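J.: As they're listed, the protein sequences go chains A and B. My numbering puts the first residue of the first sequence at 34, with every later residue one more than the last. My numbering puts the first residue of the second sequence at 2, with every later residue one more than the last.
Among the clues, some could well be false.
Stated by the list, open to error - The list that follows gives simulated cross-link-like pairs (lysine-lysine, DSS-like), each with its CA atoms no further than 25 Å apart:
no.: 1; chain 1: A; residue 1: LYS89; chain 2: B; residue 2: LYS211
no.: 2; chain 1: B; residue 1: LYS397; chain 2: A; residue 2: LYS89
no.: 3; chain 1: B; residue 1: LYS397; chain 2: B; residue 2: LYS230
Claimed, not checked - Some chain A residues flagged as far from chain B (calculated, every beta-carbon gap over 10 Å):
no.: 4; residue: ALA36
no.: 5; residue: ALA37
no.: 6; residue: ARG40
What the hints assert, rightly or not - Cβ-Cβ distance ranges computed for the label pairs, FRET-style:
no.: 7; chain 1: A; residue 1: ALA37; chain 2: B; residue 2: LEU288; range: 26 to 36 Å
no.: 8; chain 1: A; residue 1: ALA43; chain 2: B; residue 2: TYR277; range: 10 to 20 Å
no.: 9; chain 1: B; residue 1: TYR292; chain 2: A; residue 2: ASP63; range: 23 to 33 Å
no.: 10; chain 1: A; residue 1: TRP60; chain 2: B; residue 2: GLU84; range: 43 to 53 Å
no.: 11; chain 1: A; residue 1: ALA43; chain 2: B; residue 2: PHE193; range: 25 to 35 Å
no.: 12; chain 1: A; residue 1: ALA44; chain 2: B; residue 2: TRP377; range: 46 to 56 Å
Derived from the structure by calculation, the hints contain no laboratory data. These numbers were taken from a predicted model, which means no experiment stands behind them. C-beta atoms are modelled at their ideal positions from N, C-alpha and C, and glycine is treated no differently.
Listed below are the residues making up each chain.
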Amino acid sequence: MSAAQLRLFAAILAAAAGLGCAGVKPWERDLLARPDMAWEPDGREATARSHVFFSKEASLEGGGAGGGGCGCN
Amino acid sequence: MSRQTRRSREERARARRRRLRRGRSLLQALVGSALALPGMGGGARADSPLERPSSDYSFRFYAEEPLPQGKAAAGNPTRERYEILMHQFHLESPATERSDVALDIVHETMTGASPWFVRNQGGTPAQVMSGATIQEERTDALVSGNYYFDRAKLGASAGISTENDYFSWNLGSSGEMSFNDKNTTLSAGVGFSDDTIEPTEAALFGRIEKARKNGYSVFAGLSQVIGRKSVTQTSLSYKLNDGYLSDPYKLAEVGGANVPDNRPRERHQLAWLTRYRRHYESVAASLHLDYRYYFDDWQVTSHTLEAAWYQSLFGVARLIPSFRYYSQSQAEFYSPFYASAPADGFVSSDYRLSPYGAIAYGVKAEARLEDWPRHWDWTLSAGWERYAADGDLALKRVSVESPGLVSFDLFSVQLKGSF
Numbered sequence: 034m035s036a037a038q039l040r041l042f043a044a045i046l047a048a049a050a051g052l053g054c055a056g057v058k059p060w061e062r063d064l065l066a067r068p069d070m071a072w073e074p075d076g077r078e079a080t081a082r083s084h085v086f087f088s089k090e091a092s093l094e095g096g097g098a099g100g101g102g103c104g105c106n
Numbered sequence: 002m003s004r005q006t007r008r009s010r011e012e013r014a015r016a017r018r019r020r021l022r023r024g025r026s027l028l029q030a031l032v033g034s035a036l037a038l039p040g041m042g043g044g045a046r047a048d049s050p051l052e053r054p055s056s057d058y059s060f061r062f063y064a065e066e067p068l069p070q071g072k073a074a075a076g077n078p079t080r081e082r083y084e085i086l087m088h089q090f091h092l093e094s095p096a097t098e099r100s101d102v103a104l105d106i107v108h109e110t111m112t113g114a115s116p117w118f119v120r121n122q123g124g125t126p127a128q129v130m131s132g133a134t135i136q137e138e139r140t141d142a143l144v145s146g147n148y149y150f151d152r153a154k155l156g157a158s159a160g161i162s163t164e165n166d167y168f169s170w171n172l173g174s175s176g177e178m179s180f181n182d183k184n185t186t187l188s189a190g191v192g193f194s195d196d197t198i199e200p201t202e203a204a205l206f207g208r209i210e211k212a213r214k215n216g217y218s219v220f221a222g223l224s225q226v227i228g229r230k231s232v233t234q235t236s237l238s239y240k241l242n243d244g245y246l247s248d249p250y251k252l253a254e255v256g257g258a259n260v261p262d263n264r265p266r267e268r269h270q271l272a273w274l275t276r277y278r279r280h281y282e283s284v285a286a287s288l289h290l291d292y293r294y295y296f297d298d299w300q301v302t303s304h305t306l307e308a309a310w311y312q313s314l315f316g317v318a319r320l321i322p323s324f325r326y327y328s329q330s331q332a333e334f335y336s337p338f339y340a341s342a343p344a345d346g347f348v349s350s351d352y353r354l355s356p357y358g359a360i361a362y363g364v365k366a367e368a369r370l371e372d373w374p375r376h377w378d379w380t381l382s383a384g385w386e387r388y389a390a391d392g393d394l395a396l397k398r399v400s401v402e403s404p405g406l407v408s409f410d411l412f413s414v415q416l417k418g419s420f
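Isolated chain B, as found in the complex (with noise of 0.2 Å):
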């Protein structure tokens, strides 16, 4: 065989082994895509483990507005309400080849003052804030992990929560398995948890002195691809709330004297969430559509519309404005104030479990640096959101809308790691 033949022979096998090995890589990365499918757990990879360690911290500033002059009793010590600072960290890795971790650990530091009880003013409801500034601490950690199949995954978690008053652990477990060429994929989950409240200053203002609940949640869940812009996932999550489910912290106005706050100690609750998630090529941009439609046997149902809009800006930033509309009706047995006791006792004048209409609408901003120093990937991103609930607001007509109806402004920062 000549040189000139025995080179070109070469280069022909060097020219194919290259097409090869490119085609190789390029099945990879679509495999690996493939494998990528959103999934219920809330990464974007949620069918395969994670390919690379990473870790973000977040700050937040939570502010509520003082109570309006016009909502406040007379003699109501300070209109002054929640100011919370919010520690978030995040560490997750992937464990073997078939498995991944994580770690949450969460810190809030709590100032200020909340409403304590409604008095009736002249037939009008007027609220009274609890007197002297608290300042309160909460640290939580929870250690999670998934195991993957080939189509199916299985989840687990276990994480503690503590307060000055307040201790909780809790325990979870999930599960996935997809069909269809992982084009539907059912999900089911339970979790368990336990909580101790030993309000403070209980002697002083007869408060109990220890209290304990019980929650045990499960839900169910079906994801579908649409096509290849979109997604949808539709789920039930019922949860039992079970013992003292009442706030220590609250009165309620009984005939014009205070009592405490009393709930029953049972509360059967179901959501149904389902979401919408679709990608606009020419535009670069992925719409997020949710709503839920929530119900209780405390007679509480609400209904929660939220819509994000995900703008890609020159591929390395991100500009999210998003919108929630929210609505609920009252607790059965709520009430502002009462004449007289009600028969079965229970009694609450928490504007939690009044009946209002929230409107929240913020915007969020990211940028992203890739491979600095090597092949690490940084994002940075700052948001704000505010809040504000309006009887006003509800889809039923509200006649009488709680005087502590709340309003806040919620500014966050994180940045965030992959490694």
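Same shape as in the complex, but just chain A (with noise of 0.2 Å):
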């Protein structure tokens, strides 16, 4: 990662945390927590379509770390 990435990278998390300061209260979540707000709404599906992507392309999927190999052609 160049400089200039990891600047701006540390430039976006600064940004994301002080938006932090306007809050909002718990009784304010409830659009939050629709399921289709989720990161994931189908887990099996995001899966599904990790699997494939990183079958057919070089990258990272990116999101966490872990799970499992295999012997994809």
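Bring the two chains, given one by one in their own frames, into a single complex with the hints.
T.: Below is the structure:
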């Protein structure tokens, strides 16, 4: 990762953390709790698509660690 | 005290108790939704234990398009590619007051041919596919669990994966902690995998007989609630791959002769993923936006942009169109074919290490049935996604695209029940 990219990542982190100052109270969380607001509303679909793209492309999926390998050609 | 006065006092007391009960269940509902801030794990309710068991079964049919005639080398045995039937079974359940567990089983059957090597046909790369139709099966099993503290969560997982020629086992652990009234969540995790490959027909084709590789991964991320209707998350994932990383079923043409695919024995990978979720109340829909930047020490860099629109319909259904754009640069040692052996000896004509872009689009429909027969809830969904890779779609100009680039359709159906 270049120095410029590292600075950009740190800036995004700081901005994201800074946004917390506004704060949403627990009783205002109704919309955020909706299933369609989850990072992965359908875990099985996310796993299957991740497996397909990992097998057919050169990249790491990101968003987590671990999970299995396969002899995917 | 008169009977009338006593009755009105009793009535007032009853009315007060009714108000208190309603208030308490309203508070419970609000607290319940407060705890259900979307977290790193993936489920909607990620920072409190599951409330009820649920199970789902998914069936997927994956079909690659045949190799175009113009890309096939003279004498190429078949243009058909892969077809995969995939079954996924999932079971999750609360375990104790502060924990839940899950089991995932995947079974796949794969048939078809895959790219074998690329031939230099008068200066133009042409693909040769593996000959006979192969039939393979893969079975995966994964157990996982989570333990919840007041503002934190710990998770662990263990899994295995087996195929005719492949065996892999893996372990993972992750944790998250919330701050700021649970508006900010920090998460991190580690993973380890151990893979062994024993290629079929090794002696016949002069392949290695057995090889191993290990994967070591770590990630860290930050989620932030932006407002009542939106959240964002950014995370870094790093993986070290160590061992036999070549493809024993592929060859590369070097100076007119075929030699085994040969890649470095180490690969360092980094992915930076940023996600955004935003709800639009007036139209009852949510927007998903994901961007991933990736690079590794094989010189591959890639960009991925995904967008999906979750449109709720009549309170019981959802329609979800989606779009994905992908672009990757090539691995430093990749080439469709080689005039002479490179100094470091690394060669690969695998299209997956070539430069290209890809567009995928799809749509999924979901319908829910609640409280049947008693308090069970069901969701039935069906979806389709189409993917096409092409050198012209890459962000940077591609002078020679691999003849083996793939396009596919993926059809899915799923039935889910919560009990």
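J.: Looking back at the numbered hints, which does the structure fail to meet, lowest number first?
T.: 3
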